[in-house]
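Peer 1: Taken in sequence, the protein lines are chains A and B. If you use the working numbering, the first sequence corresponds to residues 1011 to 1557, in order. If you use the working numbering, the second sequence corresponds to residues 181 to 546, in order.
The hints are simulated quantities; they were obtained by calculation from the structure and are not laboratory data. Values in this document were obtained by computation on a predicted structure and should not be read as measured data. Possibly wrong hints are sitting among the right ones.
FRET-style restraints, in silico, Cβ to Cβ [unchecked claim]:
hint: 1; chain 1: A; residue 1: LEU1264; chain 2: B; residue 2: ARG441; range: 43 to 49 Å
hint: 2; chain 1: A; residue 1: LEU1264; chain 2: B; residue 2: ASP361; range: 57 to 63 Å
hint: 3; chain 1: B; residue 1: GLN305; chain 2: A; residue 2: VAL1260; range: 22 to 28 Å
hint: 4; chain 1: B; residue 1: ASN284; chain 2: A; residue 2: PRO1149; range: 16 to 22 Å
Each residue gets a CB set at the ideal place from its N, CA and C atoms; glycine is no exception.
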Amino acid sequence: MREMNRSQHFIRKYFSGISLSTVIHIAAIIIFFWLVFSPVIGLIAEAIRTSLSGSSDLISPFNLSGRRIGLLFSSISLATLVATAGILVGTLVATFLWRKFRSFAPVILLLLLALAGIPPYIHALTWLDVFAAIHAYFPLFPVSGWLPSAWVDLMALLPIAIFLCWVAFASVDVRLIEAARVFRPDMTVFYRIILPLAAPALGAAFGFLFLICCTDYSVPSLFGADIYALDIFARFSATGSATQAFLYAVPLLLVTIIVIFLSRSGIRTLAQTPNWLSDRWGNPPVFPWYYRLLQGIAAGIVILQILVLFSGLILSTSTLGTFFGSVFRSSDELVYTLLIAASVILVSLPLAIAVAGEMKKPGIRGSFAWCIALAPLAIPAPLIGIGMITFWNNPSLAAVYPGILMPVFAAVARFAPFAAIILYVQMRFIDPAFFEAAEIFSRSPWKKWSRVRLPLLAPGLLVSAGILATLSLAELGATLIVAPPGHTTMTIRIYNYIHYGASGEVAGLCLAITLLTLAAGICAIAALQWLYRRSGNMVFYCGSDGE
Amino acid sequence: MPDTIFYQITCFLENAKRMARTAEVVPFVIVVILIITLAIVFLPRSPATQMSREVIVYTSVDQVYSEPVFHEFENQTGIKVLPVYDVEATKTTGLVNRLIAEKNRPQADVFWSAEFGQTILLKNQNILSPYMTPSGSDIPRQYKDPEGYWTGFGGRARVFIINTDRLTTDQYPHSIYDMLDSEYTGNSMGIAYPMFGTTSTQAAALYSLLGTEKAKSFYTRLYERGVRVVDGNSVVRDLVASGQLSFGLTDTDDACGAIERGDHVAIVIPDQQDSDIGTLFIPDTVALIAGSPHPDEGKVFIDYVLSRPTEESLFLAGWLQIPSRNISVPAPCINNTAIKLMNVSYQDVYLGFEPARKDLIEIFIR
């Protein structure tokens, strides 16, 4: 009887106050952890299994030879160079858009982001031809090595870099800018107010670019520039041991986690503003000539990238017949790829909202959420795929592996943390008073969501969806390992055609991906406009942020 | 009543109902419904739930060549082929590593590889099952595993692809050792990373044939000469075709593809003199996976792929340049009648992989 009272007391104490929303929140965190960490758990389980059986050398991966330290240094240098250049060009282009194309800036950003869906390897192949043409006239111009590799990496990441820089600057409270402009020239305001306030978000953008560049060996290997990620893959290829490759990846993993943790501390200090797509200036800013010159150069680089990419693709596609033919022949892959991208967005966003909420929490709880979000990011894509097989390939999960959802789970494991970080930043922008007011005054939960929560979160959701879609479309390494038999994605088909040498087919499919990304982006912008319609606040409205 | 556990549960359920009415679950519910709908629509097509006759084939043969074979097989047998393709960008090792990871619960029935090294690796990892196919009875013995774990057939060879605008006929290289000749500058020659793909197979063959020291010395000197090391054989082909390189080492299928496109290139089969070592021939290999979900269908597929008509069709399509059997059709791009092949057994080549990769990672990735 006494025991029974104790158990009743326990239940009353710990469970009677639990609401359904709390249960859903906890469930979302568990599912996020389960999906994002499943490859890591799989790899760790494999490592334990092989160490117990004594079938794998677990010591040598931690023996950092001079060669491996050199490779690590090369990786860090290349990623730092590319991320820094990306932030510089992104900053100049974002401010150029304020000055010249204020009303169309979001549309231009969207157009640029659509290019990010094209696999980096395609950018590299297109630029390879340009370098060769220049080399023919200027023999000293390098066609391989670090500089061409860094340039192409930068060009491939440029759309995302510009987009993130725009978001970073939009995180600065416009009222601070307008107040400063009364007393100081625009350039001084930019240096003294905007840049320092946007620095944390720019730091986050740097971390994001650094991470992508550090873990991708496809572009550097095309130019003969060796980085640590290639060494990991070579070990994996040579030994066939995911455990060894995972352990070889640990130093790179530590470096990237450190970079993102540094970025994370910056993100926490962000200023508040509710609308990422609003304009930053009441009147067009006036910059001195040297800054305008730099902006012009940066804009020229972007235009050059677009021209090189599209002229290369269009010239290769040559006719509309080739274009439609390649799209028609790949219709199954196209549908499956789009379904994967849509599912990744649908699965990732609700989970990311829950985890972003946890990341806001102070103390150990918030830090734990950050660990969950960051830990898997630096693992090379093929290892994510192998880890997922180790985790999911058992009889009790026969309906899942090797089912059609596996590429979705693989992409969620790789990219959902990005969505969580973006939504965390968005949540930092939102004044909690809005949510509290909505709790008290909303007539129904539907109106609370549709008129308050969703519109406030919508820019972050839109940005996350865009990033998730573009990264999912271009994903290859993990998808290839877990793709269900009988289903292929567009990226796998594109790489098959690259090997075959069918440049027309490759170009046609890349153009199709770009156009589809663009169409999806336009739909998302239209949805955002619809969400904002009742508040009378157009997304591209160039005014104060009082909404 | 208030003190019972049932009361607590009732309270919780009431609370849940209230939250369900008021809460932020609407978007979550919408998302869950959408996901479930998508899953219901597409899961029935998943092999795990489909009971019709089918065979799951993992292949590193290019999709453009293997897909017509699958379609023809489906038409002839009524067995549906569910393929998974590898790509050169992952160094065509993705599926082998997948097969190793799936070892405890195999998903594939057949592995159809574009080379033999990875297949022998799978045999040694106990992933393959022996199957002596009747349709391969006329394939020469050297292309078969003695225990029947895999069977090879027509394949490709390692060749030089040469840009005819940059080199005249008398300047063509004729041996892999010419790559060490000062007549050619290092950055005018190209090879793919020798730790991956068929370039790695060639390295393993050299390690086996020449011995570790001589082979390592060859690759070290190649690296020191500044030879352009790129991402794959198709990249070597494209760089030579565009004139960025004078010549490079690649496979016959890549080189023949460039000739079919009308690029200004020529093919030279290296080391064809009597005193030379010959060139490496890389056959396709087919193997049955141990514990596969559809072993009978897998055997039917293996019989089909190893049949003479299939080899002829792959030969005509341009995937194979060197047949394993006498084929009456002439080769479209190279004269394959009197090629001197490297005199090394596939098992010996396999044994060369480990020392070769260990050295080559140290030499070429730095």
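Peer 1: For B:GLN305 and A:VAL1260, compare the CB-CB distance with the range 22 to 28 Å and indicate the outcome.
Peer 2: holds, 25 Å
Peer 1: Is 16 to 22 Å respected by the C-beta to C-beta distance linking B:ASN284 and A:PRO1149?
Peer 2: violated, 56 Å
Peer 1: A range of 43 to 49 Å was offered for this pair. Does it hold for the Cβ distance of A:LEU1264 and B:ARG441?
Peer 2: 46 Å Cβ-Cβ, so the 43 to 49 Å window holds.
Peer 1: Between A:LEU1264 and B:ASP361, is the Cβ distance one that fits in 57 to 63 Å?
Peer 2: violated, 45 Å
Consistency with the previously given hints fails for numbers 2 and 4, ordered from lowest to highest.
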